[in-house]
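Model the placement of chain B on the given structure of chain A, informed by the hints.
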Amino acid sequence: MSEYVIEMLGITKVFPGIIANDNITLQLKKGEIHALLGENGAGKSTLMSILFGLYKPEKGEIRKNGDAVSIKNPNAATYHGIGMVHQHFKLVDVFTVLENIILGSETTKYGFLSKNDARKKVLALSEKYGLSVDPDIKVENLTVGMQQRVEILKMLYRENDILIFDEPTAVLTPKEIEELLKTMKSFREEGKSILFITHKLDEIFAVADRVTVLRKGKCVGTVNTKDTDKNTLSQMMVGRPVELKVKKDKAKPRETILQVENINVPSRLHKGKLAVKNASFTVHSGEILCIAGIDGNGQSELVGGITGLDRITGGKVTALGQDITHLPIRNRNSDFLSHIPEDRHKHGLVLDFPLMYNFVLQRYFESDFQHLGFIKTDAIKSYSEGLIDAFDVRSAEGTGTITRSMSGGNQQKAVIAREFDRGKPLIIAVQPTRGLDVGAIEYIHSQLVRKRDEGHGVLLVSLELDEVMNLSDRILVIHEGEIVGEFSPENTSAREIGLYMAGTKGGADCE
Amino acid sequence: MNKRNFPSPLLKNDGWKSALPALISICAGLFTGCMIILAVAVSDSEISIKSGFEAVKLILFGTFAKGRDASGDLVFSLSESNAGNLLFRATPVIMTGLSVAFAFKSGLFNIGAAGQYLLGTSATLITALSLPVSIPRWLVWLLAFVAGMTAGALWGVIPGILKAYLNINEVLSCIMTNWIAANIVTWIFEDSPLRNAGQSGKIGYIKPTSMAGVSTAKLGLDRIFPDSQVNGGILVAILFAVAVYILLSKTVPGFEIRICGSNRDAARYAGISEKRLTVFSMAFSGALAAGGAALYYLSGETEFFWSTYQSLPKEGFNGIPVALLASNNPIAVIFTGCFMSSLSVAGQQIKNLTSYNEFITDIVIAVIVYLSAFSFFISRLIASKNRKEVR
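Order-wise, the sequence lines are chains A and B. No gaps in the numbering here: position 252 of the first sequence is 252 in our numbering, and each next residue is one more. If you want our numbering, it's the 1-based position in the second sequence plus 1000.
The shape of chain A in the complex, shown without the other chains (with noise of 0.2 Å):
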């Protein structure tokens, strides 16, 4: 018997004008956590795609246990017992945990549906594994973190011993991520082999036994974490040295851009509930203030309120000395205001649009871009054409590509060089580099220091730590919609910031 539980073996699969596997191979021990590493478009969603049965590759065999396999579709991989814990969870949001956990394996009797012996089963593994959840509750009242943990057990439910991971962590706060490294840990102490996939050489560090990195659709190796470090990875996946650490010299910040004083913006979700209370603080030009916060805490609102986007129910925001607290949204993005939304797919891009078009998104009534009314595609086509060169877009077709068929990564650095380009006084970035590769997030990390320096007040809302440690010149923390803190990095800890995430320490009495 093989040594290997699962080979891809000279994995081919071409799509029409790229080669996104080129004869790539991939050995999983039984009992190992094996991380996949690669940039955003190096062809690992393909790799793992093709093990899941959702693409046929051109060239190379799958083994299973050192015998050939083939797997047409998902329900192929099922039977070979691989799961998947997909990046966007694939659940039924109205129906229960219960529901979407035996979803496609229902039990039946007689034909009707048993749940029975089902949520016996699902309680057990919980317990077994720790990953309490309560199967009655449905999905959609579920924290991200416990959807997880739903996607985890439907995996474990149908005996899978093949578990891949794709990006679980990109969602999950500091202490999820603990819990999930340490689940997968007891995984691997099971017998069950994992597939890691992700962008953070921390995790990759804490947990895998070894490394297989993609780079531009071929392997570039694979290497024992024990006999590596971060740089060499981080160099493996991009090709050339990449700075870990920004560099920057210390912020010298002027004059105001941004007051906020005292304000209310009402909740998304709850209605009637507030999800920012009572917060001020102000944006200085020439320095980056970090808002730091575990998600839904209020950020999405906040920044919402700034930009016109959420309705601000009380307290006053200010920008360059003008009262912008009810000026519609038109007026502030052509005023004062570069955004950088949360998600790029909700707000950021018209992703059904030839890329040249998001270009101009709230530029397309100014005089450069239209005549008398009329639209004008030329000039738009080659004001694009100069961003795509300059921020180093990356898409198939150039400015005619519709914009749904680049890769996330470049879907963003599209939304930054037009945010960028604008280059207005405030700068706000919500989540900037999620989901990007290390390349990619030094390039953002770096472009927003050097905005910065340029004289731009940067607000930069993070839900991860290294990052806001890393950039930030002033830290302020929200919790439940409240601004419990306010530090310097230079005098904190990461640590201290994440207690303060975390509701442990700090509060209104403290402020």
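Among the hints, a few may not be true.
With the Cβ distance kept under 8 Å, some of the chain B side facing chain A (calculated, not the full set) [unchecked claim]:
| no. | residue |
| --- | --- |
| 1 | K1250 |
| 2 | I1259 |
| 3 | R1268 |
| 4 | G1271 |
| 5 | D1362 |
| 6 | A1366 |
Pair ranges (Cβ atoms, derived) [unchecked claim]:
| no. | chain 1 | residue 1 | chain 2 | residue 2 | range |
| --- | --- | --- | --- | --- | --- |
| 7 | B | E1080 | A | F15 | 50 to 58 Å |
| 8 | B | V1171 | A | N331 | 30 to 38 Å |
| 9 | B | V1242 | A | P328 | 31 to 39 Å |
By construction, these hints were calculated from the structure, which means they are not laboratory data. In this text the structure is predicted, and so the values were computed from the model without any measurement. Every residue gets a Cβ at the ideal spot worked out from N, C-alpha and C, and that includes glycine.
Just chain B, lined up with the frame of chain A:
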């Protein structure tokens, strides 16, 4: 599908890509329709097999049918009068098709074209028939046309406002406003002096506008298509199609409408007042549908059956398949509108020339329309296949 069809010089193949599913579904629809005709011929002793094949011929080439010759065989040839009638009947359907397509482009489903069409009809007829004789007739024509479109716009605004400011689904409010319109129109004309009092034995109709001396100019079309009802209205409809195309693909408001239709959140983010745009889109869409009614009834010959409270005009609903078949491309709407009216001409011919009764004909036409609307799904299939490959 409406999202994929993005008129841009950069996407040269897009026209073909969106035409293909339409052609596939038209063929599927015609094939199924013909099968039903033959099946009826086989199962109904009243209808001979020969008659069945004749009906199939008429479905496919009805526009060219000239009647029967002395030996009783169908005669087909290029028939100017049929072609003219086809264009005449296409006029209102092109307009309602434009109405639905425009609404789709802005992310709205205007299923209320029927109601807008009805109110447009009434406003047009009332204006054309009641303005004093002293006013020049061309001016009355124009005023009646504008009155019709205005009425349709106002009727479209209602679901628009409900959608924009109260977030009420426009499909629901459109269906309700359709029936409200149907009843209002009946009520308006119930005791109206504009009713045609039993002329030539017909009751329940409003006077044709020609009785007030108002009718659309023929613009020479009567010489190209002699013995037909065609008039300048078809040219007006084509002009509107071109105008809507330019508005959507070349202008700033059109750009905003497309952003709104494709991603409402991004529209807000970009600073577009998407609520105002929703109301505007519904108004414009309503005006287009009502414009179709105005063009149809201003021809001068057509008579309006005023007791509408039990039925809605089919032109309103036929706009939906016309728009879907055209992938919401305003220029393509001209052709799909003609296709739709060629079906109704064919239906007429089958009824007149064979032993099929009008109900069977209606069913066959309905099947064709129904299957044709599947272009929506076929193009989705193609799109998702492409998308997979691109990834």
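Open item on the list: Name the hints, by number, that the structure is in violation of.
Closed with: Structure breaks hints 5 and 6.
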